[in-house]
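Could you build the full structure based on these sequences and the hints that come with them?
Residue 86 in full-length UniProt numbering is what sits at position 86 of the sequence shown, and the numbering runs on without skipping anything.
FYI, nobody ran anything at the bench for these hints, they're computed from the structure.
There could be a bad hint or two in this list.
The calculated lysine-lysine pairs, modelled on DSS-like cross-linking and capped at a C-alpha distance of 25 Å, are [claimed, not checked]:
| id | residue 1 | residue 2 |
| --- | --- | --- |
| 1 | LYS457 | LYS519 |
| 2 | LYS536 | LYS523 |
| 3 | LYS103 | LYS129 |
| 4 | LYS116 | LYS103 |
| 5 | LYS215 | LYS116 |
| 6 | LYS414 | LYS393 |
| 7 | LYS519 | LYS506 |
| 8 | LYS536 | LYS484 |
| 9 | LYS487 | LYS414 |
| 10 | LYS535 | LYS523 |
| 11 | LYS519 | LYS547 |
| 12 | LYS487 | LYS457 |
| 13 | LYS457 | LYS439 |
| 14 | LYS484 | LYS519 |
| 15 | LYS457 | LYS430 |
| 16 | LYS49 | LYS116 |
| 17 | LYS547 | LYS535 |
| 18 | LYS520 | LYS536 |
| 19 | LYS326 | LYS393 |
Between beta-carbon pairs, the in silico distance windows are [to be verified]:
| id | residue 1 | residue 2 | range |
| --- | --- | --- | --- |
| 20 | GLU436 | SER377 | 24 to 34 Å |
| 21 | SER334 | ARG122 | 47 to 57 Å |
| 22 | GLY241 | PRO64 | 24 to 34 Å |
| 23 | ALA172 | SER84 | 17 to 27 Å |
| 24 | SER112 | PRO40 | 15 to 25 Å |
| 25 | LEU513 | GLY231 | 48 to 58 Å |
| 26 | ALA296 | LEU513 | 47 to 57 Å |
| 27 | PRO476 | GLU229 | 51 to 61 Å |
| 28 | GLU550 | SER499 | 15 to 25 Å |
| 29 | ASP16 | ARG280 | 48 to 58 Å |
| 30 | SER334 | VAL410 | 19 to 29 Å |
| 31 | VAL410 | GLU184 | 30 to 40 Å |
| 32 | ALA172 | SER239 | 20 to 30 Å |
Ideal Cβ placement from N, Cα and C applies to all residues, glycine included.
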Amino acid sequence: MANNSEHVTEPELSADHWLAHARQLIPTAIESAHATTVFPVRWKSIISKLESVPTSLSDLASHPCFLKNTLCRETLQSVASTLSEAIDLADRCGSNDTVRLGKLQMQSDIDSLASKLDLNLRDCALLVKTGVLSDATVPVLPAPGPVLASARLPTQQLNVGELLARLHIGHAEAKHRVVDRLLEVIREDEKSVLSVLSRSSISAIIQLLNAGAPKVREKAATFICLLAESGSWETLLLSEGVLPPLIRLAESGSLVGREKAVIALQRLSMSADTACLIIRHGGVRPLIDICQTGDAVTQSAAAGSLKNLSVLPDVRQTLADEGIVKVMINLLDSGTVLGSKEYAAECLQNLTATNDHLRQSVVNEGGLKSLLTYLNSTIPLESAVGALRNLVKSVPVDSLLSLGLLPCLVHVLKEGALGAKQAAASVVYKVSGSTEVKKLVGEFGCIPLLINLLEAKSTGARVAAAQAITTLMSCPQNAREIKKDEKSIPNLVQLLDLSPSNNAKKYAIACLLMLSSSKKCKKLMISHGAIGYLKKLSEMEVSGAKKLLERLERGKLRSLFSRK
Numbered sequence: 001m002a003n004n005s006e007h008v009t010e011p012e013l014s015a016d017h018w019l020a021h022a023r024q025l026i027p028t029a030i031e032s033a034h035a036t037t038v039f040p041v042r043w044k045s046i047i048s049k050l051e052s053v054p055t056s057l058s059d060l061a062s063h064p065c066f067l068k069n070t071l072c073r074e075t076l077q078s079v080a081s082t083l084s085e086a087i088d089l090a091d092r093c094g095s096n097d098t099v100r101l102g103k104l105q106m107q108s109d110i111d112s113l114a115s116k117l118d119l120n121l122r123d124c125a126l127l128v129k130t131g132v133l134s135d136a137t138v139p140v141l142p143a144p145g146p147v148l149a150s151a152r153l154p155t156q157q158l159n160v161g162e163l164l165a166r167l168h169i170g171h172a173e174a175k176h177r178v179v180d181r182l183l184e185v186i187r188e189d190e191k192s193v194l195s196v197l198s199r200s201s202i203s204a205i206i207q208l209l210n211a212g213a214p215k216v217r218e219k220a221a222t223f224i225c226l227l228a229e230s231g232s233w234e235t236l237l238l239s240e241g242v243l244p245p246l247i248r249l250a251e252s253g254s255l256v257g258r259e260k261a262v263i264a265l266q267r268l269s270m271s272a273d274t275a276c277l278i279i280r281h282g283g284v285r286p287l288i289d290i291c292q293t294g295d296a297v298t299q300s301a302a303a304g305s306l307k308n309l310s311v312l313p314d315v316r317q318t319l320a321d322e323g324i325v326k327v328m329i330n331l332l333d334s335g336t337v338l339g340s341k342e343y344a345a346e347c348l349q350n351l352t353a354t355n356d357h358l359r360q361s362v363v364n365e366g367g368l369k370s371l372l373t374y375l376n377s378t379i380p381l382e383s384a385v386g387a388l389r390n391l392v393k394s395v396p397v398d399s400l401l402s403l404g405l406l407p408c409l410v411h412v413l414k415e416g417a418l419g420a421k422q423a424a425a426s427v428v429y430k431v432s433g434s435t436e437v438k439k440l441v442g443e444f445g446c447i448p449l450l451i452n453l454l455e456a457k458s459t460g461a462r463v464a465a466a467q468a469i470t471t472l473m474s475c476p477q478n479a480r481e482i483k484k485d486e487k488s489i490p491n492l493v494q495l496l497d498l499s500p501s502n503n504a505k506k507y508a509i510a511c512l513l514m515l516s517s518s519k520k521c522k523k524l525m526i527s528h529g530a531i532g533y534l535k536k537l538s539e540m541e542v543s544g545a546k547k548l549l550e551r552l553e554r555g556k557l558r559s560l561f562s563r564k
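Here it is, written out as structure tokens:
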């Protein structure tokens, strides 16, 4: 019975063993290849590759890290296997197997052998010249946190550097397994992977986006998506050419592949420079298609990417030429509430910010009605009200009123976030041109809501509210309502604040001037300290301050004399 200690299984044999074994096989393989008489051109190419193997093996054996990891052993084992296959195939070409199996099958086997030799030679060169062997010996940082489940190796026991090195060598299926393991590790302890990730590793992962197997592309896209979302690898990803394969995957990949690709594009497109590159590489059309055909996740990510692209003024017309306007309006009507609708509203706001042609295009496609419907159906977002604000000057007021603008503005001023309320106040100011419209605005209950907005912490919101109130006060009915509101005078006086950043004071003065014809209003202004503000504002020559001060002081003197 053989001693167990003498029994050595193949995986446990050393790199030196496989190096010696491969060197023994090389002369036999070359001799057998020379002896074949069928398909001479193909065998001549194989002989040339076989003659390059000794040099590759010598280079590999002379590397300082030759014995420090398993990569060399596995590569040499693969070389020995290929050499054995070459000997066997050459022998079969010299027998009756060519006739029995058929020439096409034999040609296929020879071509497969040539591919394996190319892969072996390439892997040897990579191990020697690119620093992969050195990377594979990098010690792994201890993983923080509790010990992992016993079903898996603790992260600190993994040689992450070796895993990354394996991305460079071997066939696609082997790399697929490596990416699978890397994904497991990065989810358990992201730092252990990112701390040793190199440019060459990122390049190898990006190359897997072009792999033939959909699963390999999916896993590579998942890894790149994680890198993009980490926010630290954008420069390297771009420099290694990640955008074209990501865009191709978003266009024609599997369901999972498209999802990961478009999420990565959304994160990368947050940079203006990258957004320009995505457009240059033809990324707009796939993103628009996904907005129309994707599921909730991919649709939202694609809409988010397009929203990021629309931030750039110079490309907005290009986006419109690709049909983005209609697509964004459709998303407002039918997209998922927590994703694509918000991005669609932001995108429309960007598109209509400065371009009259695009504003009219949105109106013509029914975008105004969709915005109003969306605003009435949810908690109003600033972006949607901002898009509405951009559009109102492109539409007759009668049409706006018939679409239900005023009830929508009341809803926003009641329920919206501060930014949305500010935008709604700006819309009130823009549409309140005629006395009739001003009267309708008052009748719909906007005035108390605008007076409340004067108390906002945001300077912009206070300015927008004061501006709208100033316009509305020219309607006597509205002026009477403002006089009756107990908050109006105190809030307007507070806007006389001397701070240079307070741009609302000129509108506050205008409102107070209109209210100063009322003795009651003047007493309230004085009691809330308006005179002290106005004296300093008069010295600063703020328009209307001196006139209002004179009115208040005149009223104050009369009151004094009457008391005496």
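Consistency of the hints with the structure:
1. Distance hint between LYS457 and LYS519 is unfulfilled; the C-alpha atoms sit about 30 Å from each other, more than 25 Å.
2. Only pairs whose Cα atoms come within 25 Å are accepted, and LYS536 paired with LYS523 is accepted, the gap being roughly 19 Å.
3. The straight-line distance between the Cα atoms of LYS103 and LYS129 is roughly 39 Å, outside the 25 Å bound, and the hint therefore fails.
4. Taking the CA atoms of LYS116 and LYS103, the gap is near 20 Å; set against the 25 Å cutoff, the hint holds.
5. For the suggested pair LYS215 and LYS116, the alpha carbons sit about 22 Å apart, so the restraint of at most 25 Å is met.
6. Under the criterion of a C-alpha separation no larger than 25 Å, the hint pairing LYS414 with LYS393 is consistent with the structure, at around 23 Å.
7. Our distance criterion of 25 Å between C-alpha atoms is met by LYS519 and LYS506, whose separation comes to about 22 Å.
8. Distance hint between LYS536 and LYS484 is unfulfilled; the C-alpha atoms sit about 28 Å from each other, more than 25 Å.
9. With a C-alpha separation of about 17 Å, the suggested pairing of LYS487 with LYS414 holds against the 25 Å cut-off.
10. Distance check on the hinted pair: LYS535 and LYS523 sit about 17 Å apart at the alpha-carbon level, within 25 Å; holds.
11. Distance hint between LYS519 and LYS547 is fulfilled; the C-alpha atoms sit about 16 Å from each other, no more than 25 Å.
12. At most 25 Å may separate the alpha-carbon atoms for a hinted pair to count; LYS487 and LYS457 meet this at roughly 16 Å.
13. Taking the CA atoms of LYS457 and LYS439, the gap is about 28 Å. The hint is violated against a cut of 25 Å.
14. Restraint check for LYS484 and LYS519: satisfied, since their Cα atoms lie roughly 13 Å apart, inside the 25 Å limit.
15. With a CA separation close to 23 Å, the supplied pair LYS457 and LYS430 stays within the 25 Å bound.
16. Distance hint between LYS49 and LYS116 is fulfilled; the C-alpha atoms sit about 10 Å from each other, no more than 25 Å.
17. Our distance criterion of 25 Å between C-alpha atoms is met by LYS547 and LYS535, whose separation comes to about 11 Å.
18. Under the criterion of a C-alpha separation no larger than 25 Å, the hint pairing LYS520 with LYS536 is consistent with the structure, at around 24 Å.
19. Distance hint between LYS326 and LYS393 is fulfilled; the C-alpha atoms sit about 20 Å from each other, no more than 25 Å.
20. Between GLU436 and SER377 the C-beta distance comes to about 29 Å, which sits within the given range of 24 to 34 Å.
21. A hinted range of 47 to 57 Å for the beta carbons of SER334 and ARG122 is consistent with their spacing of about 50 Å.
22. The beta-carbon spacing between GLY241 and PRO64, approximately 31 Å, falls within the hinted interval of 24 to 34 Å.
23. Judged by the Cβ atoms, the range 17 to 27 Å given for ALA172 and SER84 holds: they are separated by roughly 22 Å.
24. For SER112 and PRO40, the hinted distance range of 15 to 25 Å is satisfied, since their beta carbons lie about 18 Å from each other.
25. Distance hint for LEU513 and GLY231: a CB-CB separation of about 52 Å, consistent with the stated range 48 to 58 Å.
26. Under the hint 47 to 57 Å, the C-beta atoms of ALA296 and LEU513, about 54 Å apart, fit the expected range.
27. Judged by the Cβ atoms, the range 51 to 61 Å given for PRO476 and GLU229 holds: they are separated by roughly 58 Å.
28. Between GLU550 and SER499 the CB atoms are about 24 Å apart, so this pair conforms to the stated range of 15 to 25 Å.
29. Judged by the Cβ atoms, the range 48 to 58 Å given for ASP16 and ARG280 holds: they are separated by roughly 52 Å.
30. In this structure, SER334 and VAL410 meet the distance hint of 19 to 29 Å, their C-beta atoms being roughly 26 Å apart.
31. At about 54 Å, the beta-carbon gap between VAL410 and GLU184 misses the expected band of 30 to 40 Å.
32. Restraint check, ALA172 to SER239: a C-beta distance of roughly 24 Å satisfies the suggested window 20 to 30 Å.
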